[in-house]
Each structure stands twice: as C-alpha cells, then as structure tokens.
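Enquirer: Residue numbers (numbering that gives the first Met the number 0): 0 to 415.
If you're looking for bench data, these hints aren't it; they were derived computationally from the structure.
Treat the numbers as computed from the prediction; the structure is a model and nothing was measured.
A hint or two may mislead.
To be verified - The calculated lysine-lysine pairs, modelled on PhoX-like cross-linking and capped at a C-alpha distance of 25 Å, are:
id, residue 1, residue 2
1, K213, K287
2, K107, K92
3, K24, K13
Stated by the list, open to error - What follows is a set of in silico ranges between Cβ atoms, one per label pair, in the way DEER data are often shown:
id, residue 1, residue 2, range
4, E167, A271, 32 to 38 Å
5, A269, A157, 55 to 61 Å
6, T239, I114, 43 to 49 Å
7, R152, D31, 57 to 63 Å
8, M155, R69, 33 to 39 Å
9, A271, A174, 38 to 44 Å
10, A157, R187, 35 to 41 Å
Virtual Cβ for every residue (Gly too), placed ideally from N, Cα, C.
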Amino acid sequence: MDTLRIVSSEDVGKDEASVQSLLKKHKEVTEDLKNYQSVIEGLHEQAANLGEQDRESPDVQTRLSSIDRRYQELLEFSKLRKQRLIDALSLYKLFNESDGVETWIDEKEKFLTTIIVTDDVEELAIMKHRFDSFEHEMNATASKVAVVNQLARQLMQAEHPNAEEVVERQNQLNATWNNLREMVDHKRDDINVAHGFQNFNIECNETISWIHEKAKLLESTDELGNDLSGVMTLQRRLSTMERDLAAIQAKLESLQSEAERLEDQKPEEAEAIKEKIAEINNVWMDLKDMLKERDEKLGEAGELQRFLASLDHFQAWLSRTQMTVASEDIPNSLADAEKLLNQHQQLRDEIDNYAPEYAKNKEFGDKITEGEEDPQYMFLRQPLCSGAQLGEDDSKRGSETVFEKQRCHSSTSPPN
Numbered sequence: 000m001d002t003l004r005i006v007s008s009e010d011v012g013k014d015e016a017s018v019q020s021l022l023k024k025h026k027e028v029t030e031d032l033k034n035y036q037s038v039i040e041g042l043h044e045q046a047a048n049l050g051e052q053d054r055e056s057p058d059v060q061t062r063l064s065s066i067d068r069r070y071q072e073l074l075e076f077s078k079l080r081k082q083r084l085i086d087a088l089s090l091y092k093l094f095n096e097s098d099g100v101e102t103w104i105d106e107k108e109k110f111l112t113t114i115i116v117t118d119d120v121e122e123l124a125i126m127k128h129r130f131d132s133f134e135h136e137m138n139a140t141a142s143k144v145a146v147v148n149q150l151a152r153q154l155m156q157a158e159h160p161n162a163e164e165v166v167e168r169q170n171q172l173n174a175t176w177n178n179l180r181e182m183v184d185h186k187r188d189d190i191n192v193a194h195g196f197q198n199f200n201i202e203c204n205e206t207i208s209w210i211h212e213k214a215k216l217l218e219s220t221d222e223l224g225n226d227l228s229g230v231m232t233l234q235r236r237l238s239t240m241e242r243d244l245a246a247i248q249a250k251l252e253s254l255q256s257e258a259e260r261l262e263d264q265k266p267e268e269a270e271a272i273k274e275k276i277a278e279i280n281n282v283w284m285d286l287k288d289m290l291k292e293r294d295e296k297l298g299e300a301g302e303l304q305r306f307l308a309s310l311d312h313f314q315a316w317l318s319r320t321q322m323t324v325a326s327e328d329i330p331n332s333l334a335d336a337e338k339l340l341n342q343h344q345q346l347r348d349e350i351d352n353y354a355p356e357y358a359k360n361k362e363f364g365d366k367i368t369e370g371e372e373d374p375q376y377m378f379l380r381q382p383l384c385s386g387a388q389l390g391e392d393d394s395k396r397g398s399e400t401v402f403e404k405q406r407c408h409s410s411t412s413p414p415n
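Assemble the whole structure, with the sequences as input and the hints as a guide.
Expert: Structure follows, in structure tokens:
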C-alpha cells in the first residue's frame, strides 16, 4: 500500500529542487518494483509445482491474477507518475529561467532611469562607457531569452499539460524583454544625439581655428614686396592655400549636413546650431575675401607671375627630359642602335619644340637677373642654364649613338 501511495501521489513539488527530490524517491520505488518482479515469478513457479487439483483451484488462480493485475497497475502508476514529475521539472525549469531574466530586466530598467543624458563632455563620456557595457550584457541576456522560448516551444510540441501556463509565461517574458529593448533604443538615441552635438561643436571650433590659422598665414604676406622674392613667396603660399581651401570647403559642407540633421534631432538646440554655422561662414567669407585681395595683388605683377608659372612648367619638363637623356644605354647591336636613334630623334624634336619657350624664358630671366646676386635670382638661372646644357648633352649623345651604329654595322658586315 505504501508503494501504491507513492506512485499514485499527485504531489509534483513546488519548485525545481523539490521535484528533483521526488524524482529521486520515485527512482528508488521503481527499482523496488522491478525487483518485485522476481517474487511474482517465484509465486507462479510455486503454483505450477502444486498438484493439478490445487494448481487449477479458483482460489490459487484468483490470487495469482490479482497479484499480476495489481503489479501492472503499480507499473502503470509509476510510469504516469514519472511523466508528471518530468513535466513539472520542465515547467519549473522554464519558470526559473524566466524568473532570472525578469529579475535582471527589472534591475536594468531601474538602471536606465538613472542615466540622465547631459551636455557635459566628461559626464557624457562616462555615461556612454556605462551604456556600452550594459549593451554587452543585453547581448548575453538575449541568449537566455532565446533559451526560455526554446523550452516553451518544446513543451508545447510535447503537449505539456500546463500548456496555457507555459504560453502565458512566455508571452509575459517576451513583452517585458521587448519593453526593455525599446527603452534601450530610446536611451541609445538620446546618448548618440548628445554625443553627436558635442562632436559637432568640437569640429566647428576646430574648423574656425583652422580658418584663423590660414588667415594669419595670408596676413603675413602683407609685408612682402612686389619684387621677385615677394612674388615667388606669395605665389607659393597661395598655391599651398588652394589645397587647404578645398579641404575646408569639404569640411564646411559636411558640418552643414550634420547641422541640418542635429536640428531635427535636437530642436531645442536649433538656434545655437544655426549661430555656430553662421559664425563659421563669417570667418570663411573673411578668409575668401583676404585670398581674393592677395590674388589681385599677385595679378598686378602679372608679367612676373606668368614668367614664374612658365618657368615652373619648363623646369618640370626639363627634369623629366634630363632623366631620359641620362638613362640612354650604349647599343650592343645594329638593331639597338637604330632603335635608339629613332628614340633620340623623337627626343630631339621635343627639345626643338620647347626651344621657343626656353628662349622666351631665358630672355626675360636674363633681364630680371642681370646684376642681381640675391639667392632667389640665382635660383632662377639654374633651369635656364640646364636647358642650354640639355641641348649640348643631347647632341653629344646623338653623335655617340651614330658612332656606335657605324661600329655595330662594321662588326656585322661580312669581310671582303
């Protein structure tokens, strides 16, 4: 009777630990039942050894049938009992997992309410660091939510007797989790907007300082004269400034786009954003006006400026051509010599084409450098002298190539 009471009990525990304890006891009872099988088999053997009259007596047959029936009932009760305990264990596991996640969610909802977005740079940096760490925890907890949903699906597929309770708990957890995710998304947006506004102000101030630096550089050219040295210095600075201005212009366009986005995201700061953009545009226009004045000043020295530009172009070509002339090899065969002669003639034609430009530059250069000993003027003489030397080197190189061709021709001609 004690075994029947245990295997037919409706007690399935109140939590995971108590169910584990009941399963342990049930396992012991099940082992006892299995062991009792040999006792029943022994009774059947004893009955079989009785005399025919006793063996077939209604009393013996009734007792054996009763024992077999009650034993099978105990086995069936034991099987059902085990399944109920397993179902209860699965349910409590689901509840435990769900309770753990919901407790964590409650704590994090309180944590999110303590994050008050500020415009203070240092506080926002600390806040962003805390929030980034929290998001890592969110990713870890997401896997736990997935485990609960997986357990719930398995219980539903197995037609768990507490299916309605399982679905209710699953829906409750998912609703709580989704609510937390919405809170996180809103808080992340607030932090990102505040961080973006801070970066916008920093970049605006850096851009203004950048423009001021270029303005000071332009102001320093006011002391330059209209002589060769002054014009060359001004020309170099304006040439360098053009690249910087293109970079500043691109930065201004980027800041303008960012300003429009921030005005929509942070309407309470729209006026301050507009003022900052206006400040940048003002210093930018001042810089462009200064640059225009310097360009006009440079234009007043037009002839000298055109000469310097032409000289720069000629010097670049001269450097390339000198390298070409210097790199020509001595031919080792008639074919090589003919090939070099063709290349040399092309180079000679190119040098001849540059002759008018060289002559014009040399004439003007001789005029402005006559009697001058200043290093700036001496610097101008170098490409002009190199141009003259290039012609001599090219003629000499051409003669050497012709000579080598004749030598190669002689060496390959058959003797008389």
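Enquirer: For M155 and R69, compare the CB-CB distance with the range 33 to 39 Å and indicate the outcome.
Expert: holds, 36 Å
Enquirer: If you check the beta carbons of T239 and I114, does the distance land in 43 to 49 Å?
Expert: Since the Cβ atoms of T239 and I114 sit about 47 Å apart, the hinted range of 43 to 49 Å holds.
Enquirer: Starting from the range 32 to 38 Å, see whether the pair E167 and A271 falls in it by beta-carbon distance.
Expert: Roughly 51 Å apart at Cβ, these two residues miss the hinted range, so it is violated.
Enquirer: Quick one, are K24 and K13 close enough, alpha carbons at most 25 Å?
Expert: Holds, at about 16 Å.
Enquirer: Does the Cβ-Cβ separation between A157 and R187 fall within 35 to 41 Å?
Expert: holds, 39 Å
Enquirer: Take a quick look at whether K107 and K92 sit within 25 Å of each other, Cα to Cα.
Expert: holds, 23 Å
Enquirer: Check the following: the C-beta atoms of A271 and A174 are separated by a distance inside 38 to 44 Å.
Expert: Check passed, 40 Å falls within 38 to 44 Å.
Enquirer: Could you grab the alpha-carbon distance between K213 and K287 and see if it respects the 25 Å cut-off?
Expert: Answer holds: K213 to K287 is near 10 Å, not above 25 Å.
Enquirer: Just to be sure I understand the hint, the distance between the Cβ atoms of A269 and A157 should be within 55 to 61 Å; is that true here?
Expert: Cβ of A269 to Cβ of A157: about 59 Å, so the range 55 to 61 Å holds.
Enquirer: Between R152 and D31, does the C-beta distance stay in 57 to 63 Å?
Expert: Violated, since R152 and D31 (Cβ atoms, about 37 Å apart) do not stay within the stated range.
In summary, the structure is inconsistent with hints 4 and 7 from the numbered list given earlier, while agreeing with the others.
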